[in-house]
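Let the sequences and hints guide you as you build the complete structure.
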Amino acid sequence: MPSQGDALQQAQSDYQQHMRSCRQCAADSAPCAVAKHLLRLYNNARRAAARRD
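If you read the sequence shown in the working numbering, its first letter stands for residue 1, the second for the next number, and so on.
Because the hints were derived from the structure by calculation, they are not lab data.
None of the values given here were measured: they were computed from a predicted structure.
Every residue gets a Cβ at the ideal spot worked out from N, C-alpha and C, and that includes glycine.
Treat each hint with caution, since some may be false.
Computed spacing ranges between beta-carbons, pair by pair [what the hints assert, rightly or not]:
1) 20 x 49: 22 to 28 Å
2) 14 x 53: 19 to 25 Å
3) 23 x 52: 32 to 38 Å
4) 53 x 27: 37 to 43 Å
Here it is in structure tokens:
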């Protein structure tokens with residue numbers, strides 16, 4: 001099972017990679033539904049990491 005820090009880093013990486021590669025996010029000024037979901041996962045991981053510290 002990945003550590004809390006690994007999960008946070010992976011969630012951030014997934015979100016950033018999506019924002020760089022998604023045509024819809026690049027074309028619109030608003031993020032697409034997938035980007036919103038990935039950002040939500042990242043925020044949840046960040047909050048969980050903050051609670052553990």
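Is 19 to 25 Å a correct range for the gap between the Cβ atoms of residue 14 and residue 53? 22 Å, holds
The hint says 37 to 43 Å between residue 53 and residue 27; measuring C-beta to C-beta, is that right? Since residue 53 and residue 27 have Cβ atoms about 38 Å apart, the given range 37 to 43 Å holds.
Is 32 to 38 Å a correct range for the gap between the Cβ atoms of residue 23 and residue 52? About 37 Å separates the Cβ atoms of residue 23 and residue 52, which means 32 to 38 Å holds.
Does 22 to 28 Å hold as the CB distance between residue 20 and residue 49, or does it fail? 24 Å, holds
In this structure, none of the earlier numbered hints is contradicted; all agree with it.
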